[in-house]
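Participant: The residues making up each chain are set out below.
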Amino acid sequence: MGVTLTKAAQWTSSGTGKLELTPMNESLLKEVLRSVEQLFSRHPQESEHVFEEPLQWSTTLVASDFKTDYDISEFNVQSNEKDSEGQPLLRLSPPTVYVRSFSQLSKLLHLAADKKLEEARTCLEENRDALVKILGPRFADILEREDTQTDPVDEDTSEDSEVKVKLFRLLQNMDQQLLSKLLEEISEHVRLDPAAANSDVESLKQFCRGGDGRLLKSVRYTSDYEFSNGCRAPPWRQVHGEICYLITEPCDTEDLHITCSTGGVYLNAGIKQEGAESGYERTSDTYTDLPTLLKSRSPYFAEHINKQMPKKDSTSKTQSKSVQMEDQGQPQRSQAGKKKYEPSPRWSNQGLVPPCGKVEENNPGREKSGKKKQATGAKGKLKAEFSLSSLPGRMTPQKSKTLAGAMELSSDSSTEDEDEEELSERRLQIQIEQSPDYWLIYKLVKFLKRGDQTATVLCLCAMLDLNLMQEGCQLDIWDIGGVEVLLNLLDSDEVKCQIGSLKVLRKISHSMLICQTILDMDGLQSIVKILDRPYKDLKALAAETIANVARFRKARTTVRRCGGIEKLVKLLDCLPTLANMSPNQEKDVEVAHCGVLALWSCSKCNRNKEAIRVAGGIPLLGRLLRSPDVNMLIPVVGTLQECASEECYRIAIKNEDMIKDLVQNLSSDNNELQMHCASAIFKCAEDKETSDLVRKYNGLEPLVLLLGKAEDKKLLAAATGAIWKCSICMKNVAKFQEHKALESLISLLTDQPIDVLINVVGAIGEFAKVAANRGIIRKCKGINPLINLLTETNQALLVNVTKTVGACAIDRDNMAVISQLDGVRFVWSLLKNSSTEVQSSAAWALCPCIENAKDAGEIVRSLVGGLELIVNLLKSTNIEVLASICAAISKIAKNKENLAVLTDHEVVPLLAKLTNTTDERLCLHLAEAIGHCCMWEGNKASFGEAGVVAPLVDYLKSNNSAVHYHTTMALYQLSKDPNNCITMNEKGVVKPLILIMGSDDEKLQEAAAGCVRNIRLQALAGKIPPPKKISIGTAKRCGKGL
Amino acid sequence: MAHISLLKRKAIHALAETLSKQVEHFNETEVEALIGLYHETLGESAAQGGAVTGLDRNRFRMLLYHMFGMTDDMIMAGVFRTFDKDNDKFVNEKEWVKGLSVFLRGTLDERIKYCFNVYDLNNDGYLSKEKMFNFLKDSLLGQPSEEDPDEGVKELVEMTLKKMDHDHDGRLSFDDFKKAVKEENLLLEAFGTCLPDTTSIEKFEHQVFPKQGKP
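Chains U and H, in that order, give the protein sequences.
Going left to right, the first sequence walks through residues 1412 to 2453 as this note's numbering numbers them.
Going left to right, the second sequence walks through residues 2 to 216 as this note's numbering numbers them.
Among these hints, one or two may not hold up.
[To be verified] Cut-off 25 Å, straight-line C-alpha distance, at most; resulting in silico cross-link-like pairs (PhoX-like, lysine-lysine):
1) H/Lys180 with U/Lys1947
2) U/Lys1854 with H/Lys163
3) H/Lys130 with U/Lys1854
4) U/Lys1854 with H/Lys138
5) H/Lys183 with U/Lys1998
6) H/Lys164 with U/Lys1854
7) U/Lys1965 with U/Lys1940
8) U/Lys1998 with H/Lys114
9) H/Lys179 with U/Lys1998
10) U/Lys1854 with H/Lys155
11) H/Lys99 with H/Lys204
12) H/Lys204 with U/Lys1947
13) H/Lys204 with U/Lys1940
[As the list claims (entries may be wrong)] On the chain U side, residues computed to face chain H include the following (Cβ under 8 Å):
14) Gln1864
15) Ala1866
16) Cys1872
17) Leu1875
18) Gly1911
19) Lys1947
These are calculated hints, taken from the structure and not from any lab test.
Just so it is clear, CB atoms sit at the ideal spot from N, CA and C, and this is done for glycine as well.
The task is simple: from the sequences and hints, build the whole structure.
Facilitator: This is how it looks when you write it as structure tokens:
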């Protein structure tokens, strides 16, 4: 049953696992039913065997259908028959029924009466693994494998194994019976014609002989065993009408796995060994015969068979006519014309054309043509070697077309028309519109394939006259296989051919399709190799082509892998600054220009940046940066700014004094160059020394001037970026303000693309660190647009906006405006943002807001759920978020009412949990938060219970004075609880506190001393064992405040 | 050059001095070396007897073949004709040195003129379709599919003419040719290789010129 079900049954292909409603399936189901009933009546013992798992399916039966032997309760039904553990063998809980033995199954089917078939169908559909369920996975496996030799009894030790084995054998028999029954039935209504298939294969084998001229490399059966009926397919596949399986190896494409069946031939998924079921799947259309299929799959085969064989028509009459025509040497125009009306293979598959037999008719003719091919083969090869473009190396469909073209030599049929017709057919398939030059291109490519050097150069020159930048033209060249021909020319040794070919390639490589093709055909390797040739023109062209092709990642990787980066870097070696250049030196500069264009393309990948550096590219780029030529500078600066994402480049740009040149070119009159320069400064100026250099070389003013070019958004983004990063340095901000940069920036806060906004806001944030500028921002009405930007979604922008709003909020007048615009609410709501950066940035911004807002407590309370939100962020795992939230909490906790709410939201245990951190920044703000939260009465004790005291004492070991400050403050507050004093004393807090008392900060002195005092008081009260070494005297001496 | 007499060497030296003033691209030493080579080539056959007025077609062709690997008969005939300015069927010392100066080191303009002369078989100042066809007739593989095997070559000629014939008179004048080559340098040797490639030039100069003689 297993094999039959899984292999013979016709499942629908949709994947829903339904059985198709075919007559064959119907008879199969009937057989299954009969067998189940038989099993029950003949083998009662085996049919009692309890299944490993119940078969379950949605039944149409209802409770009322069941009679005696069943326990019926309203809708549910249980069988009286139970297994050893008392579970019923049949259970119905509508609409699902569970059946656990064959006896119950057959009873159920009996009950179902005329709905039997339907029940069996759904049962099988919903239990595709029925055998596994019945016998357990191991037995089912064996059955599926059909391995009757294996005796599973040996291994099975379970009690019911004997019954199981018997059942297993029964099922196996049933399976075989089913199969043979089906086969019988099928053979009645299908035309199985293995003989035709065999002779077809034999004739194909003829095509495999004849060395290089052969049509196919090999044809073989997957199985050597031939059944008595002449089929080679296993019986359960024969029921589908399959005769045999072939593996053919065409000359130009990968192996084809072909199924020959009575319905026609088609490709299968690749039958590796019998039994691997997926391999039988049909993966192509069905064709009437083998040659048709091969023609569709192997252009090489098609080329030949079309030349050599009379066109196949649906009647042998027309066929013989055409043969006659051919013999008379008449052109086959009529024939070619007819081709269009020939029924497609798909139609003939519908039974319009007798599928077999016809194959045989054609055999003699085909054999003849096969031999013809062998004869011409050698000749063709000779010619192919003569032609430059047909050098070995690239075996692709187009390549084989070249060979085929050469072999047309002695063919007696008129091929030109057919050839062209075939081309146009192919073109139709990919649906590209022909350009008016199509036939010219076609001719040129043909000549290129067959021409000697002189003809090749002439053709290439003619090709250069075409509009190669036009997509239609590019596609035509691609379509005709021109790319491959051009690449083959690169592998020749003829400089002029290489130059011509590259001149074409550098233009058509503007098409991505062509780039991809060049990559796929290993063309980049050939182009990179040309960089080694001693001809400068050639190098320049090759580099230029690489620049075009390396527009996508895989191509860039390929350039690196074949050593291209190193060779390209070598091209950069020239003297671009010479006043009077010799023609030779000018050539060098031109080569360098192309080289840097290529490197620019390649530099978009990190490993290539590294490769450029390793190859010594940085100093060479630095030298080229001094060139006076804008065309040279654009790719040079482009490459540098691309590479400036890497630390080592930034250092090099700084150390090799490239900033000077970059700054100089900021004042160029070329927008693109300005953009790249600004972009490079943008990426480098985060470094303090670099941004000092920008100032030193007077780069700040031109940057501000660039803000005026608001129409070029890319330039604006780069310029504002550079201003942002330069303004991190306060000296630069002062310089910028001499040129009123802030005012210009504020005017750019509206109606700009995101890239610009991010940088503008970032810069304003830096400017706002200077008190005077905060006023300017308000006066220039910059706060309003900033607050509006808080509702944007871009996270990088939000980080900057919150930062800037925070910086502005330090000014009380600004804060008034912010409050008025409901800015706190907007910032607060950003705590909910998914980005931790936005969260922390928002929290930092809240600190000055809360500190400086007039009625901060009221504002905070008015935000529903706001405090809960902030407390919950203490559960974050991001240190920066935690630190910022702690800082915000310290500010919020200054308001008693809000502190009460925070306490309600369990702020104490959440803070306590964080005390084990080692991050200094977090320590600082955590201590601050704890200190402020202690202001709520009960919290001092709660903190102590939560164990914050001991870790806090450890914070005093830090070297950071800010940490000392906040920790001491917190400890002072905590020391107001007697229990905390005991812990502190145990942790040895007194000694570091006494040191802190020596600080210059009076507040700090007071807190430290107060803390010690509290501990001392507890000691005096006898709650602390006497101190070991420290005496009050020491404390008094150190602490001025006491 | 042991077999060249002292007297002759003096004569060569004097000639070199005069010629080097008339010829571009070569200095005196180089001219002397070239004349030396000329007499060496002549000398071999001169020894076999007979008065020799200069390099004849055959010797010249052997030289082209051995030195620069040229094989095409028609092209070599053209090269000889171009060298042989006075059309006396012999290349004399002056023609030899002048010819080589373009052949080895000519500027683009000089080479354009040289190539055009090579292709202009009958010196009528035009490259007709027939001339082009003659040069190109073996440049394509035989075409089985066409009734006329020369069809492809004819098409090639048409295509080339279309590209280069700027005045549309159906033939290439020197001006047409010059203009086309200036536009696309690849067209310089459009109808067959008649100039040596860089490697053979280097090889030749290395062989013939004294080491320090390179400018």
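Participant: Any hints from earlier that this structure breaks? Give me their numbers in increasing order, please.
Facilitator: Of the numbered hints, just 19 does not hold.
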